[in-house]
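Visitor: Read off the chains here:
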Amino acid sequence: MPAGIGVYLCRCDGRINEVIDLEGLRSKIGKWKGVSEVRVLTALCRPGDLASVVEDIQAGRVDRLVIGACSPAVHQESFERLAAEDLAPNLLERCNLREQCALAHPGDPAGATTQALALLKMGVARLKAAPGPVIPETTTGNRRVLVVGGGIAGLAAAGNLARGGVEVTVVEKRAWLGGRVAQLHRYYPRGCAPRCGLAVQTERLLQSGRVSVHTLAEVAGVHGTAGNFQVNIRQHPRFIGQECTGCGRCEAVCPVVTDTSRGLPAWRKAVLSPAGSVYPLAYAIDRQACLGPACGKCAAVCPAGAVCMEEDEQSFSVNVSAIVMATGSALYDVAAVENYGYGRLPGVLTSMDLEFLASPDGPTGGRLMRPADERPARRVAFIQCAGSRDCKHLPYCSAICCAVTLKQTRYVRDAYPDAEVTVFYMDMRVTGHLEEMYRQAMDEGTVFIRGNPLAVVRAADTGDLEVVAADSLSGRRVLVGADLVVLAAGLVPEHIADSYHLAKDGAGFVPGHLPCSPTEGRRAGIFAAGTAQGPMDASGAVQSGLAASAECLALLDQGPALVLPLLDKTKCDGCKRCVEECPYGAITLDRDGYPLPSATGCRSCGICQGGCPLRCIHLPGFSTREMAARLAAPAVGGEEVRVIAFLCGNDAYRALDGTVYPVNVLPVAVSCAGAVNMGWINDALLNGWDGVIVAGCRADECHYGHGPDLADSRVAKLQETLRSVMVEAERVQVLTCGIGEGGSLAAALENFVRRLTEMGPSPFKEC
Amino acid sequence: METNLAVDRLCFDDLRLLYPVITEIAGNCNQCGRCAAACLAPLDGSGPAGVLRLLQLSLVREALEERLLWACIGCRRCSDNCPKGLDVQLVLLRLRRLAPCRPERWLPAGLARWLNLAK
Amino acid sequence: MPPRVNTEKCDGCRAQDETLCVLICPGDLMALDTGSGKAYCRSERDCWDCMSCVKSCPHGAIETRLPYQLGYYPAKLIPLVGSNKISWTVVDIHGKVERFTFKTRNDD
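Protein chains in written order, with the numbering used here: chain S, 1 to 767; chain E, 1 to 119; chain H, 1 to 108.
No lab work stands behind these hints, which were simulated from the structure alone. Careful: at least some of the hints might be erroneous.
To be verified - Interface residues of chain S toward chain E, partial, derived using beta-carbon atoms under 8 Å:
id : residue
1  : Asp390
2  : Arg450
3  : Gly451
4  : Pro453
5  : Ala470
6  : Asp471
The beta-carbon is built from N, C-alpha and C at its ideal position, and this holds for glycine as well.
Taking the hints into account, I'd like the entire structure generated from these sequences.
Guide: Here you go:
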């Protein structure tokens, strides 16, 4: 037996009651069935008045609350605490009598009062139809995280998590940890050898005792959702067992020499060495290149007997709460830029090739020379933006190539102090203190030519390489001879399978949602780190790894109380549209095939509610009955145009606060434009509302990703249906606005009301 | 020979009204210089990028006086190699419609003097 | 007359294996074409115009045509489904529009 609804109207120290006749409302509302208390108070935000409301609840006089006061966008803390401690959030209804009523209709107190009455009526009707209290859930996942990728970003994330007491599984597809950074000769800003930094990161990991590292392992499948992922992992064989001491005798006798890049001659063996990596200190066999047991030279010479050609692939799975995707990137294949002759002309290298060349473990033992004819590299030309910022190749800038080139001019100077170094650039993008590298390069005599070269050619007579360019600053054409030409190629991300459902940008990176959630992709519980997010240097990668690890922590420990969608299983027929449309992949299926929202993945956007054709999944407060009651409550049968406007709580609703808009429009706050169910619009029209507005953020600004796109396509189809039932499709409109664009939203509403007045009353009004 | 005074006073915005395609292209050029390297015309100077730069600086008269406008042979190496996919050669060609005929700019100096055309 | 699916509006219920129209048809006549990802009626002669599919489609992508005895092509019978009301819009062959709204007992 419900105690009754309490309606509390706030004078707001006069701001509301000087326009709206609160006393008149009070006497009307007092007569409504189901309302057990209605009072007018001076200022509900102040402790005294609020305490009297709490007293009413605690005395059992009311168990559902309508607060007619300021906008729900303000004073959230006090009312939310009230709801959390003494009520339940779904049994509190806030009616915006100030920003969207009293202040929105200056000079029309009668209109404002009528609108206030309608808003309160809707609120009371909604509460009457509400089921009992819905208490928000909190759950925690287990304290395990999977880090995919053992490069520097993954290592930073894993190390940080491990030190925080989390169990980490690191899965790396290559045979060693360290990723691209391990392949570098030096890295900036200090020009140190990466082994040092990688050793630091790796030791942090291993010393914690909480990390299990799997190299030559790949993720085969991810199931489940944030807080509860099941990940299947495929372990490829190493063919060299744990007895390996890293002595290197196998590599010395291996007869196979394989290609690793187009710019360098083949120099790697089929037995791969750890080289710049720190862990594990063991060799691995590249079975593709290896001649197999028929050769057997490595097995014969291994003092530890570690070679094992008959190893099989293995699979295993892990159960984790969160996943860090630190899958990294690779260099763009600049052979596609035909004019530069990569792979065709000897002596044309990529920046990565130069790292190998400069490294003591490389093809020339660290001597900078052209490998084909051993000509010393005394004249080196660097070409920036090779295949970047180019509409035919990579349209974006890879951020690090300018700094990388400046770092590499050091390699040349260290080898040959009076070398001729030329850098062809479009813009030198070296930010912050890295400017020092630029200054130093110029000081040392590096020539910078502002001109993107047309081509790299081989001079017919000398066989020299020549770079053909024009210096845009002097307007002169230049032809520069070089022993080595280094192409500063851009980065492309390593492929992440679509089954992860991460939101990728046009280039395949997972940039996150800046600035709000930089590492979180569209799939809840999966955090991108390092160059998987976008081009960045090693420092940036470490920082983003640490950021991702911090984001994971929220899933492991007590998360915030979230409002989960409620499912009516008696109505659900398993069409799974909610599962598909959830922007976070937070809905999985339970054992019986019914949708199961995850407390750790769900962000209460309500997009599932908006799409459900049977209206059986909804956020608390937005059930079919409650919305139908809301829409049927105010009197809409009369002459006046009546519009119901569903406004998204992030932008549109807040934008409308404080504007002047037509009194015929009754606003309802929803979590997202994508949370508006077309059934509500049908109900509104069938109840005699003349028009319906769905207003939300712009498509690229939606916090939940694709809410506006869904609203657009759903309404477009509804408009088609309206046309076929001979109703003007314009009666339902989708509007977009940013949080500061209330003025244009109000103007659009005014236009809408005017148009509806011209169109005449809704055809459903007479039925 | 009479010069076209109105053309002498054109600015970038006028060009946008007259030939929006020119300002669309010129406005997008980031002066990388590849077209200048690719250009086959045997001229000194900044090449097609230079002409676009003059337009960007609203120095329309100076752009119209560039010899390159008339030396362009239409090989389209500039347009083909532009990393932003801009049709550079089209700009040079279109500008010819506006370039005042000043034979003293492109006739050999001796001939211009003989014809009393040199200043 | 068989149900016609408007392929522009139909999204195959997000390409799940049983779309809503497939689930509801009492004669099991609707099917999902896995190639195009759209629903279609796989046995038009057996349709008895119950219009369950029309009512169940969330996008209103299905339309049944009235048999010629009742009005043939220009005539239409289209429902608009609310949570506790349904409104049938009838357009006869002369273009005259009538609406009939009924309370349903679909809400709990």
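Visitor: Look at each hint and say if it fits the structure.
Guide: To see whether the hints hold, each was checked on the structure:
1. Annotation: interface hint on S/Asp390 holds; nearest CB of chain E at approximately 4 Å, less than 8 Å.
2. At about 7 Å, the closest approach between the beta carbon of S/Arg450 and any beta carbon in chain E falls short of 8 Å, and the interface hint on this residue holds.
3. With a least beta-carbon distance of about 3 Å to chain E, the hint placing S/Gly451 at the interface is held under the 8 Å criterion.
4. Satisfaction of the interface hint for S/Pro453 is found here, the shortest Cβ-Cβ separation to chain E being roughly 6 Å, below the 8 Å cut-off.
5. For S/Ala470, the interface hint holds, since its Cβ comes within 8 Å of a Cβ in chain E; the closest pair sits about 3 Å apart.
6. For S/Asp471, the interface hint holds, the least distance from its beta-carbon to any beta-carbon of chain E being 7 Å, beneath 8 Å.
Hint compliance for this structure: no hint is broken.
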